[in-house]
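Engineer: One-letter residues, chain by chain:
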Amino acid sequence: MRTFAYSRADSVDHAAHRTMPDTAFVAGGTTLLDLIKLDVLKPENVVDINALPLKRVERLNDGRLKIGALVTNTDLAHHPEVKSHYPVLSEALLAGASTQLRNMATTAGNVMQRTRCPYYRDPAAKCNRREPGSGCDAMDGINRMHAVLGGSDACIAVHPSDMCVGIAAIGATLTLQGPDGEREVDFADFHRLPGDTPHIEHDLADGELITAITLDAPLENAGSHYLKLRDRASYEFALASCAAQLVLDGDTIREARLALGGVATKPWRCSDAEAALVGQTADKTSFERAADIALKDAQAREHNGYKIPLARQAIVRALRNAARGDKPASETQESQA
Amino acid sequence: MDDSVHSRPRVPETLGTQTLNFTLNGEPRTLEVAPNAVLLDVLREQLGLGGTKKGCDHGQCGACTVHVDGQAMNSCLRLAVMCEGQQVTTVEGLARDGELHPVQQNFLECDAYQCGYCTPGQMMSATALLNDERIGTDDASVKEAMSGNICRCGAYKNIVEAIQRSRAQLGYDATRKEGAA
Amino acid sequence: MNDMTRPDFDKPRVVGQRTPRIDGEFKLTGRAGYTGELHVDGMLYGYPVPATIANGVLESLDLDAARAMPGVVDIFHHGHFEALHRSPNSMAHGDMVNEVRLPFEDERIYYHGQYVALVVAETFEQARAAAQRVVARYREERGAVVSLLQTEAEGTLQESAGSTRGDPEAAFGGAEVKVDSTYHIAAESHLQMEMHATLAEWRDAGKRLVVHESTQGVFFQRNAMARVFGLAQENLEVISHYIGSGFGNKLFMWPHSVATAVAARMIGRPVKVVLPRQQDMTSGGNRPASRQRIRLGADRSGKLTSVIHDSTTETSLVHQYVDTCGSATPSFYACDNVSTSQRVLEVNHGTPCPMRAPGEVSGIFALETAMDELAVALEMDPVELRLKNNAEQDPASGLPWSSKHLDECLTSAAKRFGWEQRNPAIGSMRDGDEIIGYGMASCTWSAGRQPCEARVELRADGSLFAACGTQDIGTGTYTIVAQAVAELTGAELSRIEVKLGETSLPAGPLSGGSMATATVLPAVAAAARDALDAIKEVAVGSGGAFEGSDPDSLAAQAGGLTDGERRVSFEEILETSKLSSVNGQGSAAPGDERSEYAFRSFGAHFVEVRIDPEISRVRVTRVVSSIDIGRAINPPTARNQVEGGIVMGVGMGLLEKLDYDPRDARLINANVADYIVPTHADAPEIDVELLDYPDFKHNEFGGRGVGEIGLTGVASAIANAIYHATGKRHRDLPITIEALLASS
Ligand SMILES: Cc1cc2nc3c(=O)[nH]c(=O)nc-3n(C[C@H](O)[C@H](O)[C@H](O)COP(=O)(O)OP(=O)(O)OC[C@H]3O[C@@H](n4cnc5c(N)ncnc54)[C@H](O)[C@@H]3O)c2cc1C
Ligand code: SF4
Ligand code: FES
Ligand code: FES
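Protein chains in written order, with our numbering: chain W, 1 to 337; chain L, 1 to 181; chain X, 1 to 744.
Each hint can be trusted.
A few chain L residues facing chain X, derived, Cβ under 8 Å: (1) Leu49; (2) Leu108; (3) Glu144; (4) Ala155.
I should point out that these hints are in silico values taken from the structure, not numbers from a laboratory. Bear in mind the structure is a predicted one, so any value in this text is a computation, not a measurement. No residue lacks a Cβ here, since even glycine has one placed at the ideal position from N, Cα and C.
Modelling step: build the complete structure from the supplied sequences, incorporating the hints.
Structural biologist: Okay, structure coming up:
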């Protein structure tokens, strides 16, 4: 693993002013060190931000929940505010990675985690995301794990986060602190589609620091479910996952929130499908129709075609369970710990 | 069967090193470490604490699990310098005064291992889990929470049994909690 | 001959009893030294540079940047390496290797991950950093053979690996009921938790080589290294005290060991190399992919009339490895007309090697799935079909079995599983969203035995010492050796020290093939008896504790000798005669019994799967097994082996697959996240029964081995259970979500 200079940031301002080139912040380190070891990320400077006062979770007066960038995935998943008002996020967090990794991983680090595309992770392979213009070995290679939504001719890599799928189905704002001050970005706009520039992964300028993520006020009286489908029962990234929230009035859907993971190049909010659900009876027919709408633009390559029916299944089941407000033990066990 | 070759690890000569002050298995330590040295490698190569294992070096197996301030973490994905001021506990710190920790004793009695290579990591996760009231106590919750520790020998059944036995014996003593947790 | 020192092996005191591992405390406290964590003075770290292509030529290596990195001592490669010789690679002569090609032997690249250089530096960090700065330029060639699974190529027939009895083709042609199916199994990784590791140190001015290696065979490695380096075997020592398992890929030497020893010699300092996981997976062995066609013929009553089993497996371009799939088939069922054939196909992969139940586990998947298909065709219960074709003697050799209780395994496991509650109609058993499937398969593994030597000392400090140059790879060999010594001497287990894993010890066997128990214990027993003879001689001698007695009148009791009236401890006897210790040597080898009986273990697995078809999820929820391995010397560790085999079988059935890029044969999932094995959450509820029928024809302890059998049959039982739930026959492993979706 290459050498780099290491320093600790003692204030947010200080951190955000580290505009030295090739600087990477390290929070939990579970993405950064993994990728430095693989020689995929090559920072010259690593700035440890763990001493920054960004570990609070606070309920704002407008009902929103502000989460400090350094709150760990474990602490967030078990936070009473999250468990009672955003269970879909708690479930999504606990479906991710492992106990140890969640203890290390932070909220901002999770948002910033990189794709697990095997060609991205192998410096000997061609990858537009890692090395702009070099080509994409996944396109005609082993692309079983790759995206069916949001891909381009340049890149079809999945954004692998579970947490972000939960957040996408809730809605949120990111607070960024840069050398020129603070700004806010809608979570839905933060991750970029690959388009022609897959190496530009998100809306974060050099030296800019994520300080907080503020969740939209919770949907009142919603039922919800995060369902993660994968080969083995735990400790694996999603092949397809779905975060669903439904507010019902009797059998009629009043509000719906739907997001997909494991199948798209960014945390994938399904707004059209949500709109199609509102006013419908909560039943298999409307769920299947929503799934069809959510997946109508899905495009498969050689090995990932199965993800389209699989995502459809994830949507229908997650919606059903959200509508029921209960979950069969076998499903919660695997996707919610 | 104790290994005599286990001798005299050296402090590596690197271009630049940084001073690290932390507490290791209850003892304050000061070390010079390379900025890019990973906690796992510092434990194994620089400090000669080989109990913490390397199975993948990428957070994918759990063999390297240690406690940092009482929480289970993968030491292969943590820079040593990030542990400044922290309490690190490794498998070498589980037994006290020559007496096996109840989890170790139950691993012995339940035959909760075969080759023993994943075992330190399993036990570090197990001890953290038993101290964490946020994790359910039923077998299914324990299995899910332990799933970050791969055992290729497949001793999973006995590992869960050893954990549940440790829980049941309230010889499991909450004051053993180390670190801040 | 006086028989008083012979333990009563019908009612043993320690053997067969639950005995916590004597090496347990070392493993549990972190004090057990596995190769990768050993240190010697002046030690350097090596980090291999792997080829990034699978087929072509290494045109140049640019080492300037790497050489300029801090701490780099030397970089070895084709142009900078010692001239060496290959090992003869003979099983019979104990110098077999896993890859005959030496490291850096030529500049051709035969597989992804092949070493092109070895960087040696002062620290691990420096070696890895510099290895990443080595720039290799290749001329890649098209036409890499990616996998057996992606070609129609047939491969080369291996005459010696096949067999025929009767006229199977004609019998199949005329059979009333037939099955003719083809099965594919993806290449698998051993994924033993401890990567391959070597620490090489030259002593006595380069005349003596001491190698610490994570190996399942210290003697094989010593012999092979002696051939490669042209050294007298006596000047080589290979040591392996703790092994983070191997599952077969640590049986024989790999090129990294040679490269490490060369680096240590050329630099003049000890060098340690721990393969990074990716290289361990590309270049440290795999189970080759297989393609198998099975034809079964039967009459209406279910009696088998023909079994034809044709297999092809992969090998690499640098080493011929034959993974004989059909080796259990001729002995499996009573049938007059049976043939097996084996082919191998060269592919651009790292060399495959034995992996737990090599060959047979693949073969039994195919055979036992075909048997399930036959049961369906016959509308017959699959357990009944197996009972009906149970072979009362070994149909391959015509010899009687030393001991066989497959029928009891089948009925006992069926009962504990609740097989009678199985509704045979497809998809008929439901629970909420889930369909429950029940499936079963038989399992088997041959019971071999090798020659072995051992040594036992009785010491004046009251301790006992036993030594044998075999290894404990996690199966519990340390403990069963101590049990055997305790049984014969009556001494407390806590007083017995066991040393294994060194070539300075009496020659012991490979830890493989489930042979170690039956091979090592008789030699240890012989050595213990010899030690008892020695101490009796002392005791009856002048000034001895039993001066003047007839040695035959003395017997071992509780760590001492007794004449029936008086017991004197070993330590007292030795002290009385002013001795520090007595030594016993022993050896044992299989004998005439091998031509009088056939030796094989059998068992049965019953599996429950739960399938949620609307989310394409299958989980193995329950496995009930009954296995007959003769006597289990240490029942918990033996059961643990079977349970571990079952977990690995879940991986083989549903998860595991090495993914080679179809364009260039690069292995793209060489890591522990993308090559998926079962986690805690995937482990089913497991209930293993070990039948207790000591097999004294095999050896005096009555134990046959247990390392491999538990894995065999599991994947088939899973596939058969999935068929019961869904009506879809899966003949390819692993059974993925894609395959489930395609069938719904
Ligand atoms: C084996 C394995 C399995 C995993 N499985 C899953 C899974 O199933 N589901 C899942 O969702 N995730 C999974 N993960 C990914 C894991 O969740 C992420 O690695 C983790 O969330 C990253 O957080 P971190 O704090 O460790 O980030 P770091 O590694 O510290 O940082 C990651 C990136 O974010 C940047 N960064 C960190 N903090 C900030 C900040 N405040 N402002 C700006 N930039 C910042 C860093 O510079 C770096 O580029 C897995 C990881 C591993 C290794
Ligand atoms: S899919 Fe994207 S990340 Fe993967 S190789 Fe192609 S460009 Fe790179
Ligand atoms: S070595 Fe750290 S998780 Fe495998
Ligand atoms: S005991 Fe060998 S890997 Fe767990």
